[in-house]
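Colleague: Sequence:
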Amino acid sequence: MKKLYGTGVALVTPFKKNEQIDFNGLEKLVRYVLDNNVDYLVALGTTAETTTLKKEEKSDVIKCIQNANYKKLPLILGIGGNNTKNVIKQINSIKNLPDFYAILSVSPYYNRPSQEGIYQHFKSIVNCTEADIIIYNVPKRTGSNITPDTILRLAFDFENIIGIKEASGDVLQSYKILEHKPENFSVISGDDFITLPVVFGGGEGVISVIAQGFPDKISKMVSLARNNNVRKAFSIFYNIIKIIDLIYEEGNPTGIKTFLSIIGICDPYVRLPLLVGTSSLREKILHLLNKINDS
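If you're matching positions, the sequence shown starts at 4 in our numbering and goes up one per residue.
Hints listed in this document are in silico derivations from the structure and should not be mistaken for laboratory results.
Please note that a few of the clues may not be correct.
[As the list claims (entries may be wrong)] Between beta-carbon pairs, the in silico distance windows are:
| id | residue 1 | residue 2 | range |
| --- | --- | --- | --- |
| 1 | Glu252 | Glu22 | 38 to 46 Å |
| 2 | Asp297 | Pro77 | 17 to 25 Å |
| 3 | Asp173 | Asn86 | 25 to 33 Å |
| 4 | Lys179 | Tyr241 | 36 to 44 Å |
| 5 | Lys235 | Gly205 | 26 to 34 Å |
| 6 | Lys20 | Gly205 | 40 to 48 Å |
A virtual CB, placed ideally from N, CA and C, is assigned to each residue, including glycine.
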């Protein structure tokens, strides 16, 4: 069974001012993180504004990322939803499925299923595909939390459920999973604020938003943590904690796209109902970046 270690990047989908996909910006972003020591890439996750992309656009985004990556790093593909049969159909429609390390699949949102409903949802998915699955738990977005008991039940029952992206923000929940999980099951932080506690507790790393802005810093921080260098890992974290907080001030990916526009990777544009970052946000991010660069 496969395991993921280190820093994964939840890639944004860059847009032009006319809201068309900026493939040059996406290619530039992929190459930027490739050159700065990240361990794997995540395409079409929450940060990619996937819910605003058409089917054809998703295919084009995947192709662009694959071409820019050139099989250098493992690529995880986000496919999830609140219609179980449709999720299965989407996964099985991917012609080159073996090219992807795993499918990242969010817990059903909006209809707020019971724990048994969540279990049956993922059971149905794994029984209908050969792909390895990483479950994505993000209660603030889905409206329901996957409890540690449900995660552990799925982890022990299905070998091709290989991990959890845990973004509940609850370190104790992560620890409960880490304490009792199967040996080959990966616990990955999905929250930049709790990456270090999760890794020091035995987790494998992070699927990070801020890592596309600070790829080298986050990769080094996670590597230090995995080698039990507490002081140096937290030194990096404390140096950038204010900017991590700031990129969520006006929502994700509004903040990280503002950040990326400042450092010249891509434009800050998003699609409605999200809004472009305000001039105030831009000024605050720029101020913090200047302080970090001067330190």
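Colleague: Hints first: check each against the structure and report whether it holds.
Modeller: Here is how each hint holds up against the structure:
{"no.": "1", "hint": "Glu252 <-> Glu22: 38 to 46 Å", "result": "violated, 23 Å"}
{"no.": "2", "hint": "Asp297 <-> Pro77: 17 to 25 Å", "result": "violated, 35 Å"}
{"no.": "3", "hint": "Asp173 <-> Asn86: 25 to 33 Å", "result": "holds, 27 Å"}
{"no.": "4", "hint": "Lys179 <-> Tyr241: 36 to 44 Å", "result": "violated, 27 Å"}
{"no.": "5", "hint": "Lys235 <-> Gly205: 26 to 34 Å", "result": "violated, 19 Å"}
{"no.": "6", "hint": "Lys20 <-> Gly205: 40 to 48 Å", "result": "holds, 45 Å"}
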